[in-house]
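Those sequence lines, one after another, are chains H and B. Residue numbers are given in my numbering: position 12 of the first sequence equals residue 15, and the series is strictly consecutive. Residue numbers are given in my numbering: position 214 of the second sequence equals residue 241, and the series is strictly consecutive.
For the record, the hints were derived by calculation from the structure and aren't laboratory data. These numbers were taken from a predicted model, which means no experiment stands behind them. Backbone N, C-alpha and C fix where the C-beta goes; we use that ideal spot for every residue, glycine too. Treat the hints with care, since some could be wrong.
Some chain H residues near chain B, calculated using beta-carbon distances under 10 Å [unchecked claim]: (1) ILE40; (2) PRO44; (3) VAL60.
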Amino acid sequence: MAEEIVQDVKVIVFQLKNEEYAVPVTQVGSIEKMEHITRVPNTENFIKGVINMRGIVTPIVDLRSRLGLEETPADENTRIIIVDLADTSIGLIVDAANDVVDIPVDKIEEAPQVIGAIDIDYIDGVVKLDDRLIILLDLRKVLKFHEIEQIKSIEN
Amino acid sequence: METDQYLDVFIEESKEHLQALNQHLLELEKQPEDLSLVNEIFRSAHTLKGMSATMGYQDLANLTHQMENVLDGIRNHQIKINPDILDVVFEAVDSLEEMVLDIESSGTGKKEVSELVRQLEAIEAGEAVLQTAAAVAEETETNNDTSGIALDEFELAVLRESEEKGYQNFYAKVTLREDCMLKAARVYMVFEVLESLGEIVKSNPDVSQLEDEAFDLSFEVLFVTQQSMDLIKEKILRVSEIDTVSIQDFFVDTYKEVQDTAPETKETPVPENEEKQQETTGEKKAQHNNKTIRVNIERLDILMNLFEELVIDRGRLEQIAEDVKHPELNETVERMARISGDLQSIVLTMRMVSIDQVFNRFPRMVRQLAKDLNKKIDLQIEGAETELDRTVIDEIGDPLVHLIRNSLDHGVETPEVRRKLGKPETGTIKLKAYHSGNHVFINISDDGAGINRKKVTEKAINNGLITKEQASIMTDNQVFGLIMESGFSTADTISDISGRGVGLDVVRNTIESLGGAITIDSEEGKGSTFSIELPLTLSIISVLLVEIQQEKYAVPLSSIIETAIISKSDVMHVHNQAVIDFRGRVVPLVSLKDVFQVPEVNEETDHYSVVIIKKGDKSAGLIVDGFIGQQEIVLKSLGNYLTDIFAISGATILGDGQVALIIDSNALIK
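Extracted from the complex, chain H is given alone in its bound form (with noise of 0.2 Å):
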């Protein structure tokens, strides 16, 4: 075929405090509503626990102290987000999630430099789309998965 076909990616957007933020689909198991969560003692912060996740026991991550925000109670819109990553089911805790959007690859746009925010590198990329602003998050960084296996290689 001669003419170059666009390619577009799936994500699922959320919310997060009035942003937009998205994973790519083939990342994301499914979306549960907010259930009970059993707190697990001495660990980070952003981990609020662990749930049922039929069968499996999948750790859950409010993703909002991840990217420190402040956290709100959960309300009726609160969505759990469970991920795949690396043979691991992970849960994310976000305002809301309803929207699966495709985005052409080539709007996808670096971070913005900012200055001071060295910390922040689980930003993938932002998107213009209309006029909402889409942020791409790499999932690995968010949950410090490169600090687990660094941690593992270190120990092995």
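Chain H is already provided as a structure; the job is to place chain B on it using the hints.
Using the frame of chain H, we list chain B on its own:
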């Protein structure tokens, strides 16, 4: 040929045969005269060769083939067993094992084996050359061994007569190609060629066996002819699927000489045949008695997982029944609970594997280590049939290896030292497994030097593990326990065997993470015993569910001594540590609320609910807010995202679908 579907069977059976090889070789090493062992070994090697050739693993087949030749020589008394030969054979078995493992991890099973093959060939030829030295004189072909053919007086007379009449007697060894499909047909064609050129006196194996394809790849013939050697060779090679042909002159006199120098060869064919018959009947019997089937372990795992789900739902049902209080529902739930209880024990026993799976690799390891260390070791294994859940079996191998290495390296002395001490030169390491209650015990004891209490305490004080005061009041067992503390290693010199920077603390951690315990007994000069206590299974355990404020936690029943409710006024303080006097013992108290930073919602009462737990001979009291009850739970891991959480060993799903965390009580006892 489509072989994929047979691959699993092939790997499984190859492993069994390799295990049998190892085992019998070790026995053979102890009793070199026992030819029935050689036969066993030969049979395993032979089957392995057949299987690997069928599956197309050429290197595997080549190596086994050559090994088989050597074994054949041994059992026909052409090769005398000595440690050097056994070493090479052991090495060959190791290589075979590597190849099979490679195949299992979807490799090609290829390995450079030519050096080993050459060594084996040298062994095979070494003796063969000696025996047929005269006959081989001008021949450079391989395998000039004519003694495979046993001749009776009549055949000798025929050969002698033909010699006198100016005919030539030739001995030919024909090898078919490995991929030859119609072996009997090729043999027939070769025979036809030979018959047209001369007369066949004798073949090995005999004609009927050849027709039944009851031979490997090569066969030997003695024949009388007037044609030249080269012509015959050329004609035989024209038959397709022939790999090699070696022909040499055959002289009756030389044959007789060889026979005289090796008189036993004449006798071998008879007992050998008998043995073969016994073997085959034995095998048939075994097949009749065998009422087991092979089940893929994955299927058992799936069964177990499904059953775990059932256990969770059973818990939920029991809870509902309790709330509803409907007599018929209660009765049904009770019945279901009983049946699922039976089912549980069946599913669990199905997954039980004998610990032999772990033990069986130790004789080889000990043999090698003893050699490397120049020590003489007798490894005695008891209770290898003891059964454990597969999950435990998978984990226990490494710690045991470590402990055995430790005993060999630091425990048992060198033969010289032992002789001076008046001990037998050969040290003994005993490995013993047995069941007791809901636990399995594994003891590793040696009759070596034992542990030097003074040395251990000195080192522990130097390393800052204990103070001098503590050292003086510690019991022997406590002192010996120190060698399993992290940051402790008693070896004066670092060795390859056990001083690799990984101490016994790793062993202890592994065993404790399995819910087990390890203790050390030792008497200086007499030896040491490491005792490991392990739970039978890791997947379903009994726990006491407790409440801390509004959170629920599970404490494994195996570590609980008892529970108690004590008044707050009974709590005393020693060095800022809350303790209670419990049945005459001072037991430190640990507040789980503080350890787990549980948010406080309930108001305080004037009583503490305490779970007394133990670890070895130490104990502690865990303060909780209430006991919910005893329950069978399914152990679930927290996954690899949440790792190393202090004092939490896993999670479980309760009847109401919520997750409860399981407390690792070992971590709470200092």
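Going down the list of hints, with the structure as the test:
The restraint placing ILE40 of chain H at the interface with chain B holds, with a minimum CB-CB distance near 8 Å, inside the 10 Å limit. At a threshold of 10 Å, the smallest CB-CB gap from PRO44 of chain H to chain B is about 4 Å, leaving the interface hint in force. Annotation: interface hint on VAL60 of chain H holds; nearest CB of chain B at approximately 5 Å, less than 10 Å.
Every hint from the earlier list agrees with this structure, and none is contradicted.
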